[in-house]
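Colleague: Read off the chains here:
2 protein chains.
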Amino acid sequence: MKIAIAKEIQVDERRVALVPEVAAKLVKQGIEVWVEAGAGERAFFSDATYEEVGVKVIGDTATLWRDADIVLKVGNFEESEVDKLREGSILIAFLNPLGDPGLVQKLSERKVTAFSMEMIPRTSRAQSMDALSSQANLAGYKSVLIAAATLPKYFPMLTTAAGTIRPAKVLVMGAGVAGLQAIATARRLGAVVEAFDIRPEVKEQVQSLGAKFVDVTLEEDTVAEGGYAKELSEKAKQHTREVLTAHVAASDVVITTAQVPGRKAPILVTEEMVTQMKPGAVVVDLAASQGGNCECTEAGKDVLKHGVTIVGPINLPSSMPVHASEVYAKNLSALLKLMATTEGELTLNFEDDIIDGACVTHNGEIRSQRVKDALGVAVTQ
Amino acid sequence: MKIAIAKEIQVDERRVALVPEVAAKLVKQGIEVWVEAGAGERAFFSDATYEEVGVKVIGDTATLWRDADIVLKVGNFEESEVDKLREGSILIAFLNPLGDPGLVQKLSERKVTAFSMEMIPRTSRAQSMDALSSQANLAGYKSVLIAAATLPKYFPMLTTAAGTIRPAKVLVMGAGVAGLQAIATARRLGAVVEAFDIRPEVKEQVQSLGAKFVDVTLEEDTVAEGGYAKELSEKAKQHTREVLTAHVAASDVVITTAQVPGRKAPILVTEEMVTQMKPGAVVVDLAASQGGNCECTEAGKDVLKHGVTIVGPINLPSSMPVHASEVYAKNLSALLKLMATTEGELTLNFEDDIIDGACVTHNGEIRSQRVKDALGVAVTQ
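Chains A and B, in that order, give the protein sequences. Using the working numbering, read the first sequence as starting at 1 and increasing by one per residue. Using the working numbering, read the second sequence as starting at 1 and increasing by one per residue.
For reference, chain A alone in the conformation it holds in the complex:
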């Protein structure tokens, strides 16, 4: 079995799918691992560090894609890359199948067996493969560093000879993986933290991190399959905004993390709410590339509006490529374990709920119902 680490082609993508430390373990299992020359460079892993652990560096891109049994990538996978894959080969990457179902269709036409890391089920057994979570954790951490570096104030309370500095007030909206890590990081830095989530059951987690939970009582069910937050009705959104307005106005920093898979992100912070914030306040919008949770967000930019800086970062995990690649590689290697026998032979067991859930195309067919729905393809069963 040959596993190839392909080079990311997007300008802003600094991650690499497999780091030398993890590749070494596969090599020890008798698996042949190839890396495209320079693939790890932007994540500070030189070709030499791969070679040292027995990975073969391949200069010719076409050869690597054509001869590999499994191609590993991070994302975003582009349509131009589909034809590089050999029919019958396996691709594992972030494929954004609900946002870009057209790509999945192309992969199925190419008769590639494609695994989408976004589709790993959210079960305890699959936790070690949950790349959405491992990357969201990085984004949550980094969002707070950006907020603290942008805020014209200190985060911690400080007692100095020139008087006492009051701690910054941070409001985190959405207490998923990114939100919880944002809370933890803001607390580490000494801020006073509040958090809000439409799912009341995360209250305890929020409180255990030392943050106050902002209660917004809603009359509808707010939890979707897999523990994600559901999209709210207009009435519930309106009520939520009303409750949150005062909390936003009192905050020095607002970090928003609300995303609905495959859809435009919900607006949590309106421009009207921004006008009521303190001069110098900061919003970091982790949903910027999905349209943003704040009405003033521009993806990839820092916007100064009404005295408030709204930061709309794109792909924060890529800005921490060493650890982002390391945890992603560990996610991949856990998934690969399900595919390889102890003799290093490839087997795909579709009875396994993880293989079944994450595999979006196989034998020329789109396997995921949600992707089919996104494509508007009629169900044929």
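Please keep in mind that the hints were generated in silico from the structure rather than gathered at the bench. Check before you lean on any hint, since a few could be wrong.
Because identical chains cannot be distinguished in the list, a pair is counted as satisfied if it fits within a single copy or across any two copies.
Stated by the list, open to error - Using 27 Å as the maximum straight-line C-alpha spacing, the simulated BS3-like pairs for lysine-lysine come out as follows:
(1) 7 / 235
(2) 372 / 25
(3) 111 / 301
(4) 28 / 278
(5) 337 / 235
(6) 56 / 28
(7) 337 / 25
(8) 203 / 169
(9) 212 / 7
(10) 337 / 28
(11) 278 / 7
(12) 111 / 235
Fit chain B to the known structure of chain A by using the hints.
Modeller: Coordinates of chain B only, in the frame set by chain A:
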């Protein structure tokens, strides 16, 4: 008595000398406070917030400078501003008297009574006026945020489903005010911290913040007047570099803070040491504007060299203008208390060691011996 808050003219200076909260207290004491229109804008203090506390907003710069008894500024004061001052008036600002003694000469020729915030004695009584310390504290804090945001890794140790993340190793060179705050902030963020200082007596302070002290035994006296570090002999510098090389190589982040007043900063991190650092490591050089503690530093730039990012920030306090201005204003107001009687009348008591120490020009004369030395002016006593 009329006190004027002048607008900073340097492009990168976002601070303002007096914030509304502190100005309000002076107004209550019966002092007339003026602010140049727009002076607080870049620190997020609008003219309206000054007016609300009884400060008069002055649109005409010439009037403000000519009619004020005391002009307050942050820095860097420029020669072009000298002539705006009325003869016999008082100026309080960072004047960089040892680095730019020519400016002090100009101020003396203009017969201005100039107080330089750098010259506040380092005594317990003067602590509340010690603006060098209050601003260095901001720089130390911010240096760690920059380092953490630049590092391609996490700072804290994290236990995740995708494995354990090892904490970042941070080495802080120079354990003055900036260094100690850098240590504290890096510790807050969960890094493992080592610190080095040529003054062995700071060891306990370093350890009390949870950092390890790197011992470099030197045979010469290392502490100068005022508790600052002394410039070392070439032999001692060489020995220090040898001991530090291994510590630098093992670090993910190195923060350097060594400055000698009025002189070029000492080189602590040579290019040779940088080549031995890990790929992706980060150096933040707080002495960048004094030539840098690292041989690879370029002031005002991020340099990627030998796989290491060397950040050479200029004027970090200005990047946190709300709190930087707030603590500076408190420093100024403590100093102003020594100059004003309870009736709001101006008196200068040169018997007071703070007034004596901080006043660099008065009645057409340069008062500070160190400034005279810097100018090469012969002593006339």
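Colleague: Please sort residue 278 with residue 7 into within, between, both or neither, judging by C-alpha distance up to 27 Å.
Modeller: Answer is between; shortest inter-copy Cα gap is 22 Å, intra-copy 44 Å.
Colleague: If the cut is 27 Å between Cα atoms, do residue 56 and residue 28 qualify within a copy, between copies, both or neither?
Modeller: Result: close within a single copy only, 14 Å intra versus 76 Å inter.
Colleague: Up to 27 Å between alpha-carbons, please classify residue 111 paired with residue 301: within, between, both or neither.
Modeller: Result: close neither inside a copy nor across copies, 39 Å intra and 49 Å inter.
Colleague: Given a CA cutoff of 27 Å, do residue 111 and residue 235 count as a within-copy pair, a between-copy pair, both, or neither?
Modeller: Cα proximity of residue 111 and residue 235: none, with 45 Å in one copy and 70 Å across.
Colleague: I want to check one pair: residue 203 and residue 169. Are their C-alpha atoms no more than 27 Å apart within a copy, between two copies, both, or neither?
Modeller: This pair counts as within: shortest intra-copy Cα distance 18 Å, inter-copy 34 Å.
Colleague: Check residue 7 against residue 235 for me: Cα-Cα at most 27 Å, and say if that holds within a copy, between copies, both or neither.
Modeller: Neither: 46 Å inside a copy, 49 Å across copies.
Colleague: How do residue 372 and residue 25 come out at 27 Å by Cα distance, when the copy is not named: within, between, both, or neither?
Modeller: neither (36 Å within a copy, 68 Å between copies)
Colleague: Reference check for the pair residue 337 and residue 235, CA-CA at most 27 Å: within, between, both, or neither?
Modeller: neither (46 Å within a copy, 57 Å between copies)
Colleague: Is the C-alpha distance from residue 28 to residue 278 at most 27 Å within one copy, between copies, in both cases, or in neither?
Modeller: Result: close only across copies, 25 Å inter versus 57 Å intra.
Colleague: Indicate which option fits the pair residue 337, residue 28 if close means a Cα-Cα distance not exceeding 27 Å: within, between, both or neither.
Modeller: Cα proximity of residue 337 and residue 28: one copy only (13 Å, versus 73 Å across).
Colleague: First find the shortest C-alpha distance between residue 212 and residue 7 inside one copy, then the shortest across copies, and answer within, between, both or neither for a cut-off of 27 Å.
Modeller: So residue 212 and residue 7 fail the 27 Å test inside a copy (43 Å) and across (40 Å) alike.
Colleague: How would you classify residue 337 and residue 25 at a CA-CA limit of 27 Å: within, between, both, or neither?
Modeller: Intra 11 Å, inter 69 Å, cutoff 27 Å: intra-copy only.
In this structure, the hints that do not hold are numbers 1, 2, 3, 5, 9 and 12, in rising order.
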